[in-house]
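These protein sequence lines are chains P and F, in that order. Each step along the first sequence adds one to the number in numbering that gives the first Met the number 0, with nothing skipped, and position 59 is 58. Each step along the second sequence adds one to the number in numbering that gives the first Met the number 0, with nothing skipped, and position 109 is 108.
Just so you know, the hints here were simulated from the structure itself, not pulled from any lab data. Owing to the predicted nature of the structure, the values given are computational and were not obtained by experimental measurement. Honestly, I wouldn't trust all of these hints.
Since copy identity is lost for identical chains, a pair holds within one copy or between any two.
Claimed, not checked - Derived pair list, reagent style DMTMM-like, types lysine to aspartate or glutamate, alpha-carbon separation capped at 25 Å:
#1 K43 x D77
#2 K136 x D117
#3 K136 x D113
#4 K105 x D204
#5 K57 x E169
#6 K136 x D77
#7 K119 x E147
#8 K43 x E135
#9 K57 x D77
#10 K43 x D96
#11 K136 x D16
#12 K67 x E38
2 protein chains.
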Amino acid sequence: MAAQKPAPAPSDKPHPDVSRRSQRSRRAIYDAALALVGEVGYPKTTIEGIAARAGVGKQTIYRWWTSKADVLLEAFLDLGEQATQAAGEAHAGGIPDTGDLAADLKAVLRATVDELRDPKFEAPSRALAAEGVVDEKLGREFVTKLLEPSLRLYVDRLRSAQETGDIRPEVDPRIALELFVSPLAQRWLQYTGPISYEYTDTLVDYALHGLAPR
Amino acid sequence: MAAQKPAPAPSDKPHPDVSRRSQRSRRAIYDAALALVGEVGYPKTTIEGIAARAGVGKQTIYRWWTSKADVLLEAFLDLGEQATQAAGEAHAGGIPDTGDLAADLKAVLRATVDELRDPKFEAPSRALAAEGVVDEKLGREFVTKLLEPSLRLYVDRLRSAQETGDIRPEVDPRIALELFVSPLAQRWLQYTGPISYEYTDTLVDYALHGLAPR
């Protein structure tokens, strides 16, 4: 058991074969849930549809989750973890702190640009975001569990920049991060403009140094 | 005819009674379209449903518009005009230019906060925005016709601020405006945080003066 890679979620320790099979089922369910919601939208995504596509019984899903919102939430968390692992060490501990605040913020936003353009991510994320716009409860739940944790990383990095004097002490980091995060989010969500590295770099420069002359 | 208030859309000049009746029908159709999309969402809104709710024949709608997207587009344009008229002179010519850039931007964003909280505006706007997230063609059309014209007003005001030296000359106004417009849009759309006058005032101060110390 010690050499066995542990299953991520169940807290009890099943027989290795069961664990491996569970992991395979979970992965198939996540993939099916994300693909389905991207294709048919949130309202038409059902537990039955996810089960059929994943090749598992409905009861397998109900054993682990209580609703399609729960399945999707975990599928997105898993997708985020995969993206973090793929990005390697740079992101593992949050936002890099090289001492150059502008460079650190630009690096993370460039990685976000890449993520937003990843087809595996785009369709399911849009389907979920669209539903969150008209379903306040779902919107708030997904923001709390999926979006806010990544925004906290910006808060931490901006707080550390306040300690080194790179950000004014009276600035509220939770609002400050929105100056570069929200424009990118809106361009992506609402097609209000093209997104590129040059664009996000510009946002960081404007946010840090202001629009008014110094 | 000279004293008659002209109908807003038809370019030919019908008999006054016909014009008045047309205006009444248009108003009823706009109201029905906005109410319906807010209640059932964009996909389930139909020309038939709008006609039934407005108490007009389907053919009356098809005489003026070719699709539900067209009807909704004009209904939102009309809603925006009503809001502008209700706000009075302050907004009539775009964004005020009192010479105090921060005050002007804060005033317009406070008016936007009021608009976003108006129940007449909220449900239909959310329904349309949600559909735009997953339907790129519709999203782009509505941005071009509904959102971008109001963003151009910010571009104009920021350009005039560049002439008076209140904004750095190298700043791109179309990107700059996103530093205070997009955070408000994202909080409203995605429920990422509360919106208030104090919040939008803070966005303007941060955007103009930057997060870094001077």
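Verification of the hints:
1. In this assembly of identical chains, the alpha carbons of K43 and D77 lie at most 25 Å apart only when taken from the same copy (22 Å versus 33 Å across copies).
2. For the homomeric pair K136 and D117, the shortest alpha-carbon distance between copies (20 Å) is at most 25 Å, but the shortest distance inside one copy (27 Å) is not.
3. With identical chains, the CA atoms of K136 and D113 are at most 25 Å apart between copies only, with a shortest distance of 22 Å across copies and 29 Å within one.
4. Proximity of K105 and D204 under a CA criterion of 25 Å is satisfied in both settings, with 9 Å inside one chain copy and 22 Å between copies.
5. For the homomeric pair K57 and E169, neither the shortest alpha-carbon distance inside one copy (53 Å) nor that between copies (59 Å) is at most 25 Å.
6. Only within a single protomer do K136 and D77 lie at most 25 Å apart by alpha-carbon distance; the minimum there is 22 Å, versus 30 Å between protomers.
7. Taking the shortest Cα distances, K119 and E147 sit within 25 Å of each other inside one copy (21 Å), while across copies they are farther apart (29 Å).
8. When the C-alpha separation of K43 and E135 is checked against a cutoff of 25 Å, the pair qualifies both within a copy, at 18 Å, and between copies, at 19 Å.
9. In this assembly of identical chains, K57 and D77 lie within 25 Å of each other by CA distance solely inside one copy; the values are 21 Å within and 48 Å between copies.
10. Taking the shortest alpha-carbon separations for K43 and D96, neither the intra-copy value of 43 Å nor the inter-copy value of 49 Å comes in at or below 25 Å.
11. For the homomeric pair K136 and D16, neither the shortest alpha-carbon distance inside one copy (38 Å) nor that between copies (48 Å) is at most 25 Å.
12. In this assembly of identical chains, the alpha carbons of K67 and E38 lie at most 25 Å apart whether taken from the same copy (15 Å) or from different copies (23 Å).
Consistency with the previously given hints fails for numbers 5, 10 and 11, ordered from lowest to highest.
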